[in-house]
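> So the sequence lines, in the order shown, correspond to chains A and B.
Following this note's numbering, the numbering of the first sequence begins with 69 at its first residue and continues without gaps.
Following this note's numbering, the numbering of the second sequence begins with 8 at its first residue and continues without gaps.
Just so you know, not all the hints are guaranteed correct.
[Said to hold, decoys possible] Short derived list, chain B residues pointing at chain A, Cβ under 7 Å:
1. M8
2. I27
3. A42
4. P210
5. A225
6. A248
7. G249
8. R254
9. K270
10. E308
[As the list claims (entries may be wrong)] Heads up, simulated DSBU-like pairs for lysine-lysine below, C-alpha to C-alpha not over 35 Å straight-line:
11. K224/B / K278/B
12. K256/B / K278/B
13. K148/A / K354/B
14. K323/B / K245/A
15. K224/B / K323/B
16. K148/A / K278/B
17. K148/A / K256/B
The hints are simulated quantities; they were obtained by calculation from the structure and are not laboratory data.
All C-beta atoms in this analysis are idealised placements derived from N, C-alpha and C, irrespective of residue type, glycine included.
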Amino acid sequence: MIITLANIGLWICIAVLAVYTLRHYFFTLNRLFGTHRQPYVDVVQADWPLLTVFVPAHNEGRVIRDSLDALLSVDYPVDKLRIVPIDDRSQDDTRPIMEEYAELYPDRIFPFLRDDGIPGKAAALAEAMSDVEGEIYMVFDADYIPGPRLLKQLTAPFFDAEVGAVMGRVVPLNVNKSLLTRLLDLERAGGYQVDQQARMNLRLIPQYGGTVGGVRRIALEQIGGWRIDSLAEDTDLTVRLVMNGWDVVYQNRSECYEEVPETWDMRIRQIKRWAKGHNQTLVRYVAAMISNRRSLPWWQVVDGVLLLGVFLVPLVLLMGWICTITLFYAGYPPQWGRLTVLAISSFNTVGNFAAFFQVATASRLDGSRERNRMLPFLLLGFLVSTFSVARASLSRASWLRGRPVEWQKTERYRTTRATKRPGTGGQGNVS
Amino acid sequence: MSPDIAFLLVLAATLAWMAIPFVPALLELLRPQDASPLNAVGQDSGQLTYFATSFAERMKSEGMLGTSVPPRLTDGSNVVVHNMVSPVAASRVPIADVVVLADDTPLPAGLHVLRECLARRTFHGGANSSYRAVLGQRDVQLAEGSSVLRWIHANGRLTAAPGTRLLGRATSDREILLDVDVQFDRLDAPMVRVGGGGTLETPILPVSAYMPFVPTKAVALAPGYWRVEGDLEIPPDTSVAGSIIVRGKVVVGEGARVEGSIKAHDTMHIKSRAVVIGALSARGRIVIEDGARLSGPVISESSIIVGASVIGVANKRTTVTAPRVQLRSGATVYGAVMSADGGETLK
Chain A
69 MIITLANIGL WICIAVLAVY TLRHYFFTLN RLFGTHRQPY VDVVQADWPL LTVFVPAHNE
129 GRVIRDSLDA LLSVDYPVDK LRIVPIDDRS QDDTRPIMEE YAELYPDRIF PFLRDDGIPG
189 KAAALAEAMS DVEGEIYMVF DADYIPGPRL LKQLTAPFFD AEVGAVMGRV VPLNVNKSLL
249 TRLLDLERAG GYQVDQQARM NLRLIPQYGG TVGGVRRIAL EQIGGWRIDS LAEDTDLTVR
309 LVMNGWDVVY QNRSECYEEV PETWDMRIRQ IKRWAKGHNQ TLVRYVAAMI SNRRSLPWWQ
369 VVDGVLLLGV FLVPLVLLMG WICTITLFYA GYPPQWGRLT VLAISSFNTV GNFAAFFQVA
429 TASRLDGSRE RNRMLPFLLL GFLVSTFSVA RASLSRASWL RGRPVEWQKT ERYRTTRATK
489 RPGTGGQGNV S
Chain B
8 MSPDIAFLLV LAATLAWMAI PFVPALLELL RPQDASPLNA VGQDSGQLTY FATSFAERMK
68 SEGMLGTSVP PRLTDGSNVV VHNMVSPVAA SRVPIADVVV LADDTPLPAG LHVLRECLAR
128 RTFHGGANSS YRAVLGQRDV QLAEGSSVLR WIHANGRLTA APGTRLLGRA TSDREILLDV
188 DVQFDRLDAP MVRVGGGGTL ETPILPVSAY MPFVPTKAVA LAPGYWRVEG DLEIPPDTSV
248 AGSIIVRGKV VVGEGARVEG SIKAHDTMHI KSRAVVIGAL SARGRIVIED GARLSGPVIS
308 ESSIIVGASV IGVANKRTTV TAPRVQLRSG ATVYGAVMSA DGGETLK
């Protein structure tokens, strides 16, 4: 009985992993040899729409000044831009800083201060958005430092009437802090430069990531606004937009700096949170996605299902390993012996390294080949992520529904200012 | 050899083999060569005058705008001064120095300048000449067969004669006037106009002057947003309120008016005298006939052909962008024309 189950389980795992392996290679080859699709990047002049930028914050006193200063320095028309920093019951000096900026820039900065209600980023955004106007809503986490052209670049796709949300590229700022930050730098490159852009090229489903991006107000309202009971409100939003007929667009040239976790503990917490949130979204929407009542193209349905299931892959991988070992030590040859051995070898070599190939390609496309020397260390990040995500996927929180969430934050490390306040002179140094 | 020793040797050899890639990895970790944040947040993208502005600031700091022009720049580059007293002679040998045009004296034909040109007054280029980059503090006139390889900026009017190639960025603070048979990549000015003839500016009538039209196959996506399966033809002299997303081809009939944006999954055809108060985007080709009037932006993933029509408004600049753009005589664009794979002007 156990042997039969292990056999069946192994073949299922191999099939799932083969699909994701092919996906990785397909995306990577697309980026290497396919057409780079970026139809909106050259929109430099326009009658820009009314834009509201939200900066949700909870105890972000160390970083929020940089973010606000950067937003004040962008080239978006001043009369069309409102900056709304949201303080959700911070205990540090986040709120006084916001108030200080509101006094200095009363026509540009409009803080939204929360002391009660459901805590969390999604709830804070939902409440703040109900209180402001604007055709386009953009969200930046408090540690993000947008460049001067970023808002126009991210707004340009909304001239396409079908675009519901836009996502820009996130670039780590604190790369040289530790081995982990260097690995995360590589991972981010692979995720954005290859994965997201390939999905954009192939008209699949680029993912809105909840920051460095925007959403069309009317689309957001049509799909029912932010879900406040989701750990991954960004993935949730992406899926709902696509299923309701809106496009999600990725802009690879719209880059913004962020801080990545510098400690493994923080990284593990972050990735477990992502896994739980993603799995919640999988449970919510996979059936609707497959039933496809909205007549999505079949390729978007396939990509949507694979996107939703991506955080189950480590669990599947571990199950595959367990099945393999079980069969080996039980002394039973697997069914279709040679074929199985070939399949196991494939997913343990070619399959597992698909992601590495993707990262290496991203570094090459970014023109930073020296970074690729660090690739072998990705094995460490791969194993940590595999076990963390698998553990998160087995937790109850991954499959719970309808529970409001609280603030889930990544620790900030910045100790010096990354930008200077507009009008104070001098070039900001990036610390 | 005992099996244990053989096993250990194989194990050691395997580990050593696996460790090989970690050697450069460890070296990079201990002595980082490439550990700074990706230089991704560019200053030049989106601001077409970036290089011209930087060059102007440099020329100012080098004293090139004063009464006497220094013979060389601080980086050692030589400076050639061209004026009525000492004009640059016609030569087949390329000029490898920075050229400062001190007055309105025309440059000779057939000149090839490998460095930047700074024109302190009106720039009169000679025929069949090539320049790396040109900054004109007043008007810039490029003669027939000229080529600009990187960028050109005129603080006044920029005019390009037939056969001109404007590679890279061409900008003006006032207007760009292109003759037919001009190739370009990226243009940006308060007004870009092709040909000497006028442009038929269709008057924008009030909405009540049109017959309302609601597409029969339209599904409301959100308030003011319609989605149409298949193709859509908006009948002549009718008006549509709201933005339309069409999963096929779109034809906006003669004299029709759309109060919103249009998206087509296939091609788009804007017929004569049609008015669109919104943006156009299509995966296929967009053809804009003579006399149409659009507020823009106009975005195609394939190509755009603009007839003698008007895109944008004088005080609200816009963008026309596609891999290939053709501007026909009489086309007027208030703003930028961006053509990644090359644009051209035609009769």
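> Could you run down the list of hints and mark each one as holding or not?
Taking the hints in turn, this is what the structure says about them:
1. Hint status for M8/B relative to chain A: violated, with the closest Cβ pair at about 27 Å, above 7 Å.
2. The beta carbon of I27/B is not positioned within 7 Å of any beta carbon in chain A (closest approach about 9 Å), and the interface hint is therefore violated.
3. A least Cβ separation of about 4 Å between A42/B and chain A falls short of the 7 Å threshold, and the interface hint therefore holds.
4. Evaluation of the P210/B hint against chain A yields a violated restraint, the C-beta minimum of about 20 Å exceeding 7 Å.
5. Of the supplied interface hints, the one on A225/B is violated, with its beta-carbon coming no nearer than about 12 Å to a beta-carbon of chain A, more than 7 Å.
6. For A248/B, the shortest C-beta to C-beta distance to chain A is roughly 13 Å, which exceeds 7 Å, and the interface hint is violated.
7. The beta carbon of G249/B comes no nearer than 9 Å to any beta carbon in chain A, farther than 7 Å, and the hint placing it at the interface is violated.
8. At its closest, the beta carbon of R254/B sits 9 Å from a beta carbon of chain A; the interface hint therefore is violated under the 7 Å criterion.
9. Residue-level restraint check for K270/B holds (minimum Cβ-Cβ distance to chain A is 4 Å; threshold 7 Å).
10. The restraint placing E308/B at the interface with chain A holds, with a minimum CB-CB distance near 5 Å, inside the 7 Å limit.
11. Of the pairs offered as hints, the one joining K224/B and K278/B holds, with about 22 Å between alpha carbons and a cut-off of 35 Å not exceeded.
12. A threshold of 35 Å between alpha carbons decides the hint, and for K256/B with K278/B the separation of about 13 Å falls inside it, so the pair holds.
13. With a CA separation close to 39 Å, the supplied pair K148/A and K354/B exceeds the 35 Å bound.
14. Between K323/B and K245/A the CA atoms are separated by roughly 46 Å; this puts the pair beyond 35 Å, and the hint is violated.
15. A threshold of 35 Å between alpha carbons decides the hint, and for K224/B with K323/B the separation of about 34 Å falls inside it, so the pair holds.
16. For the hint pairing K148/A with K278/B, the CA-to-CA distance comes to about 32 Å; that is within 35 Å, so the pair holds.
17. Using a Cα cut-off of 35 Å, the hinted pair K148/A and K256/B holds, with the two alpha carbons roughly 33 Å apart.
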